[in-house]
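Starting from the given sequences, assemble the full structure and let the hints guide the process.
Spelled out from the first residue to the last, the chains are:
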Amino acid sequence: MSIIEKKLEELGLTLSAPKPPVGNYLGCKKVGNLLFASARVSDCVGEVGTEVSLEKAKEAAQNTVLAILSIIKADIKDLDLIEGVVKLTGFVRSSASFIEQPKVIDGASDLLIKLFNENGRHARTATGVAQLPFGASVQLDILFQVK
Amino acid sequence: MSIIEKKLEELGLTLSAPKPPVGNYLGCKKVGNLLFASARVSDCVGEVGTEVSLEKAKEAAQNTVLAILSIIKADIKDLDLIEGVVKLTGFVRSSASFIEQPKVIDGASDLLIKLFNENGRHARTATGVAQLPFGASVQLDILFQVK
Amino acid sequence: MSIIEKKLEELGLTLSAPKPPVGNYLGCKKVGNLLFASARVSDCVGEVGTEVSLEKAKEAAQNTVLAILSIIKADIKDLDLIEGVVKLTGFVRSSASFIEQPKVIDGASDLLIKLFNENGRHARTATGVAQLPFGASVQLDILFQVK
Chain X
1 MSIIEKKLEE
11 LGLTLSAPKP
21 PVGNYLGCKK
31 VGNLLFASAR
41 VSDCVGEVGT
51 EVSLEKAKEA
61 AQNTVLAILS
71 IIKADIKDLD
81 LIEGVVKLTG
91 FVRSSASFIE
101 QPKVIDGASD
111 LLIKLFNENG
121 RHARTATGVA
131 QLPFGASVQL
141 DILFQVK
Chain V
1 MSIIEKKLEE
11 LGLTLSAPKP
21 PVGNYLGCKK
31 VGNLLFASAR
41 VSDCVGEVGT
51 EVSLEKAKEA
61 AQNTVLAILS
71 IIKADIKDLD
81 LIEGVVKLTG
91 FVRSSASFIE
101 QPKVIDGASD
111 LLIKLFNENG
121 RHARTATGVA
131 QLPFGASVQL
141 DILFQVK
Chain U
1 MSIIEKKLEE
11 LGLTLSAPKP
21 PVGNYLGCKK
31 VGNLLFASAR
41 VSDCVGEVGT
51 EVSLEKAKEA
61 AQNTVLAILS
71 IIKADIKDLD
81 LIEGVVKLTG
91 FVRSSASFIE
101 QPKVIDGASD
111 LLIKLFNENG
121 RHARTATGVA
131 QLPFGASVQL
141 DILFQVK
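As given, the protein sequences belong to chains X, V and U, one line each in that order.
Quick note: the first sequence uses this note's numbering, first residue 1, plus one each step.
Quick note: the second sequence uses this note's numbering, first residue 1, plus one each step.
Quick note: the third sequence uses this note's numbering, first residue 1, plus one each step.
Please keep in mind that the hints were generated in silico from the structure rather than gathered at the bench.
A portion of the hints provided could be inaccurate.
Same chains, same names: a pair is fine if it fits in one copy or spans any two.
[Said to hold, decoys possible] Listed next, the in silico SDA-like pairs over lysine to any residue satisfying Cα-Cα at most 20 Å (straight line):
1. K77 to G46
2. K147 to D78
3. K73 to I113
4. K56 to V146
5. K147 to I76
6. K147 to N33
7. K56 to N24
8. K30 to K147
9. K19 to F134
10. K30 to S95
11. K30 to V146
12. K147 to A96
13. K147 to F134
14. K103 to P21
15. K30 to G46
Following this line, the structure appears as structure tokens:
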């Protein structure tokens with residue numbers, strides 16, 4: 001078991017089976033030591049600020065990191081090949097007045113840093129959009145550094 | 001004629017004259033073996049889900065790939081210098097209830113894979129936005145790997 | 001004083017104190033010769049096209065470049081380590097009918113090119129979103145090349 005999966009276990013979290021892409025694209029693509037993970041949307045659906053609370057959206061962001069890690073594991077086999085997190089881009093399906101996107105995306109950032117320690121610290125974009133695939137509340141796109 | 005242009009011809013597609021940037025930026029920028037193409041919007045305008053159908057938006061996504069390739073050709077001269085596609089980011093100008101952004105962006109992904117085969121497979125983000133430059137239906141941003 | 005700061009002085013511009021991140025992320029992250037700056041929102045708040053004019057939003061885009069440079073300076077110490085600008089992504093909080101996002105983001109592009117000359121020329125994405133953190137008018141995300 002990889003160090004990352006042991007940490008997940010300690011945190012009481014598990015990787016579920018990787019979901020297939022919802023279109024004609026890869027789960028992730030490696031170029032040099034950069035691994036571009038395709039964006040994943042949260043299972044949690046609904047507009048944040050009206051249908052979905054900040055707390056629930058933050059949890060959805062955390063769960064979406066797990067979904068991305070399970071896809072990467074299926075591809076590169078060993079999550080310990082991940083050296084760190086470079087950039088996290090988070091889209092929050094926001095109501096007209098919802099402006100706390102950074103707090104939502106902290107749900108993802110917090111977990112990445114717990115898992116990858118200092119190397120898990122990353123640059124970030126957290127932005128608000130009117131709609132997301134399948135009506136999801138959160139969408140994450142992560143750039144990793146790999147061995 | 002490049003292999004890519006021959007394939008386009010076989011598909012009955014042609015590169016039109018490259019359109020100049022609509023602001024103070026480059027058509028693309030190379031760093032190491034990564035070529036960042038500037039985002040292009042589709043000629044097709046209108047909100048997807050209300051004014052523009054899924055099928056029309058998907059076709060617009062395909063056409064926008066052609067627009068980007070014509071810009072890259074003007075810059076790097078030979079499209080066969082492209083080794084593959086790393087990451088495709090697609091923004092779909094979506095009505096409040098339109099949630100099929102991935103199907104729209106498949107119009108771009110399908111063509112990239114036809115043109116570049118296995119190396120054309122890519123990581124992807126497909127998201128929904130409320131508005132795009134010039135009221136366009138689709139905007140694409142592509143990261144290529146080049147020789 | 002760095003060459004870049006001298007140029008800023010000549011332009012009558014100054015770097016203010018770097019603002020801390022508004023969540024659990026870094027101001028920027030370096031991998032190889034790529035420096036990913038975290039997105040910053042403008043101090044200027046309000047929807048562009050209704051509450052905020054194009055001219056004001058363009059100025060906000062310029063000021064946001066300054067905010068990003070002050071954060072990078074705090075991290076890498078010497079702005080002359082920046083070799084050039086690779087990619088600028090700009091999100092404009094747009095009213096339903098505002099379609100001039102490229103003109104807004106030119107406020108950032110123009111300054112980057114004044115500061116870094118030919119190497120400041122960059123690939124770009126300018127897009128419209130319905131909402132941004134803190135209700136800001138503009139959000140910028142810059143990828144630099146560094147020594």
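Now for the hints, and whether the structure bears them out:
Taking identical chains as interchangeable, the C-alpha atoms of K77 and G46 are never at most 20 Å apart, the minima being 33 Å within one chain and 43 Å between chains. Taking the shortest Cα distances, K147 and D78 sit within 20 Å of each other inside one copy (11 Å), while across copies they are farther apart (29 Å). In this assembly of identical chains, the alpha carbons of K73 and I113 lie at most 20 Å apart only when taken from the same copy (18 Å versus 24 Å across copies). Taking the closest pair of Cα atoms, K56 and V146 never come within 20 Å of each other, the shortest separation being 31 Å inside a single copy and 39 Å across copies.
With identical chains, the CA atoms of K147 and I76 are at most 20 Å apart within one copy only, with a shortest distance of 11 Å there and 24 Å across copies. Both within a single protomer and between protomers do K147 and N33 lie at most 20 Å apart by alpha-carbon distance, with minima of 6 Å and 16 Å respectively. When the C-alpha separation of K56 and N24 is checked against a cutoff of 20 Å, the pair qualifies only between copies, where the shortest distance is 18 Å, while the shortest distance within a copy is 30 Å. In this homomeric assembly, K30 and K147 come within 20 Å of each other (Cα to Cα) both inside a single copy, at 11 Å, and across copies, at 16 Å.
When the C-alpha separation of K19 and F134 is checked against a cutoff of 20 Å, the pair qualifies only within one copy, where the shortest distance is 14 Å, while the shortest distance between copies is 33 Å. In the homo-oligomer, the alpha carbons of K30 and S95 never lie at most 20 Å apart, since the shortest distance is 35 Å inside one protomer and 34 Å across protomers. Taking identical chains as interchangeable, the C-alpha atoms of K30 and V146 lie at most 20 Å apart whether they share a chain (9 Å) or sit on different chains (14 Å). Taking the shortest alpha-carbon separations for K147 and A96, neither the intra-copy value of 42 Å nor the inter-copy value of 42 Å comes in at or below 20 Å.
In the homo-oligomer, the alpha carbons of K147 and F134 never lie at most 20 Å apart, since the shortest distance is 34 Å inside one protomer and 37 Å across protomers. For the identical chains of this complex, K103 and P21 are inter-copy neighbours only, at 11 Å across copies versus 27 Å inside a copy, given an alpha-carbon limit of 20 Å. For the homomeric pair K30 and G46, neither the shortest alpha-carbon distance inside one copy (32 Å) nor that between copies (35 Å) is at most 20 Å.
The structure fails hints 1, 4, 10, 12, 13 and 15 (numbered hints given earlier, in ascending order).
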